[in-house]
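K.L.:
Here is how the chains run, residue by residue.
There are 2 protein chains.
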Amino acid sequence: MPTVSLSDPIRPPSSAVLAAARAHLAALAKPLGALGELEELAAWVSSCQGVCPARPLDRVRAVVLAGDHGVTHYGVSAYPREVTPAMVRAFVAGNAGVSVLARQHGVSLQVYDVAVDDELAGVPAAVTAYKVRRSSEPIQLRDALSADEVHWALRAGERIANDQISAGADLLIMGDMGIGNTTPAAALIAASFGCRAAEITGRGTGVDDAALQHKIALIDTALARVGGRASDPVQRLAALGSADLAAGVGFLVTAARSGVPVLLDGLVSVAEAVVAEDLAPGTIAWCAAGHRSTEPAQQLALDKLGLRPVLDLGLRLGEGSGAVAAVPLLRSAVLLMREMALLADLAPPGA
Amino acid sequence: MPTVSLSDPIRPPSSAVLAAARAHLAALAKPLGALGELEELAAWVSSCQGVCPARPLDRVRAVVLAGDHGVTHYGVSAYPREVTPAMVRAFVAGNAGVSVLARQHGVSLQVYDVAVDDELAGVPAAVTAYKVRRSSEPIQLRDALSADEVHWALRAGERIANDQISAGADLLIMGDMGIGNTTPAAALIAASFGCRAAEITGRGTGVDDAALQHKIALIDTALARVGGRASDPVQRLAALGSADLAAGVGFLVTAARSGVPVLLDGLVSVAEAVVAEDLAPGTIAWCAAGHRSTEPAQQLALDKLGLRPVLDLGLRLGEGSGAVAAVPLLRSAVLLMREMALLADLAPPGA
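Order-wise, the sequence lines are chains P and R. For the record, in the first sequence the residue sitting at position 210 is 210 according to the working numbering, with numbers rising by one throughout. For the record, in the second sequence the residue sitting at position 86 is 86 according to the working numbering, with numbers rising by one throughout.
If you are wondering where the hints come from, they were derived from the structure by calculation, not from laboratory data. It is possible that part of the hints are untrue.
Pair by pair, the computed Cβ-Cβ distance ranges are [what the hints assert, rightly or not]:
no. : chain 1 : residue 1 : chain 2 : residue 2 : range
1   : R       : G306      : P       : D345      : 37 to 47 Å
2   : R       : V51       : P       : A147      : 54 to 64 Å
3   : R       : R338      : P       : D148      : 37 to 47 Å
4   : R       : A217      : P       : A27       : 28 to 38 Å
5   : R       : R134      : P       : D345      : 20 to 30 Å
Idealized CB from N, CA, C, for every residue including glycine.
With these hints in hand, go ahead and build the complete structure from the sequences.
P.N.:
Structure (structure tokens):
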């Protein structure tokens, strides 16, 4: 039984604690503002926790939501869809990129098959417990999901978030795996902000110029097919999204409603955040951005959401990797706030 | 007896291993280049170690070279010089900003008084073992150091580096502490690249507009006083530098000659790297940049040196803090290289 429903209101992080945290940071033994963006991160974590100084971010839990996409039958990706189930097995084996980073930082990592186009025989039952369907539909031809499927996927994300929160989470991380997933993610962002595909479409895993032009045309076709119906966030997810993206939206809204901060990763998680904010205003106040990816749609959406990413290293692996790589910096922000001397405590001259 | 002399030649990191490392990274289970700048960092560490994949960066050792500056009697800083010895005591107590970060990341941290204008009574003997003098002279009026003092300071830096390397170091970090030290650091960079002070002078710990104009005028006065004599790196250090900056140069050259990679921090360490490269060409090949500070001189020098910083978070604390905060990302780069699956190893579809 989930403790939080998608229909509950979202309370904001504490503005009183935010102010107290900024005052505390200003009193540390350093020039005013000398910790740069680490200061705003520390204050944000404090305000989410409702306590100053913030508690250490010991329990960080990352999830990877995996799914396939009908568009991969139409030449939008540099890799075949069979890579998606193979990568799910790599997460289970612990040798995907994000697996290495999660181990380094003591971050719990769980992959969920939301819509992989494979039975994934033999993987642990927890991986497939919230599967919604095999793949989603090609968005340039028809809706990705039925209305029922959107709701099942949102509910799957809600349950995944509740499982993670019940296990104890100071911070959640939203990761993705799915060949082709930058196409629906870019389409959702274009529809959300009224952009043309050419303004925001990137190379994903690394398609060439011709495939990029094809991807742009496919996204514009999808946007034209859907038209004004995309103004509603649930219909937008059905028409242009996918089951894994919808589950991500449910995950983010649930985390925010539960008062657990989330670190976003690349394009896919940021697209989910954009839709989540439309669906449940106030969600974004519980999100920070782990890194700036190479995808133009992610950069545009971060700007629109007012999020400044922690890292800017040209990462484009997905999997939650950029966010997990940024975890030590959030932890640094909190530890500096907790452990630095105060200016007032510095030894007087000659002491 | 130091094992390496400042007059020994500097061999470059292995180009053969660099190529092998890039090939190894290209074979990992990810799109080509998807780890962005982490791939170049991993390849650089590999080439420095001469082994592929690189060994983990377990033993990271940071030093903070502390000193005072005659210019602080002339209104270039927002804080009084008495803060320098107080902060040395904070490093010893373990509650400076970089102390917190070093503890978080298991980085060894040692502060050295190279030229603090205080006796530092009661601090451990190791802190003052390489002290060159009390403060350095005001560079707008006269040379910061005598020729002998420059050589003593370079030798102090050499000995400090050798001590750290003897203790076992996979990576060294160069930090600084000294009220007023952005003034000689900016002067060294301006002289090295032929800039006027207005192009590169920043606010240091946070001076106001009037003090910034005064700082610019003071640096221009110093540059005019020294003239063409600054083209020689040792004379540049004597005329425009300080004992702590000269020790930093000796430290960097010694690390490079010993084949130990160094992560640079903010303006002061980057100014030292600029002079070190003039003094001992090839030093920079052993250096990476930990972070982009808010000081324009640091940004200009990084561009000139061809170094792209790992972090860009608006930090301006000094102390080595930006570099120590970046350590987890260098470690991530190496671990990803070592532990990720190869594309060729991914489970075949349906396996």
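K.L.:
Does each hint fit the structure? Answer for all of them.
P.N.:
Against the structure, the hints:
1. R:G306 with P:D345: 37 to 47 Å: Holds, since R:G306 and P:D345 (Cβ atoms, about 41 Å apart) stay within the stated range.
2. R:V51 with P:A147: 54 to 64 Å: Holds, since R:V51 and P:A147 (Cβ atoms, about 57 Å apart) stay within the stated range.
3. R:R338 with P:D148: 37 to 47 Å: 45 Å, holds
4. R:A217 with P:A27: 28 to 38 Å: Given about 33 Å between the Cβ atoms, the range holds.
5. R:R134 with P:D345: 20 to 30 Å: At 25 Å between Cβs, range holds.
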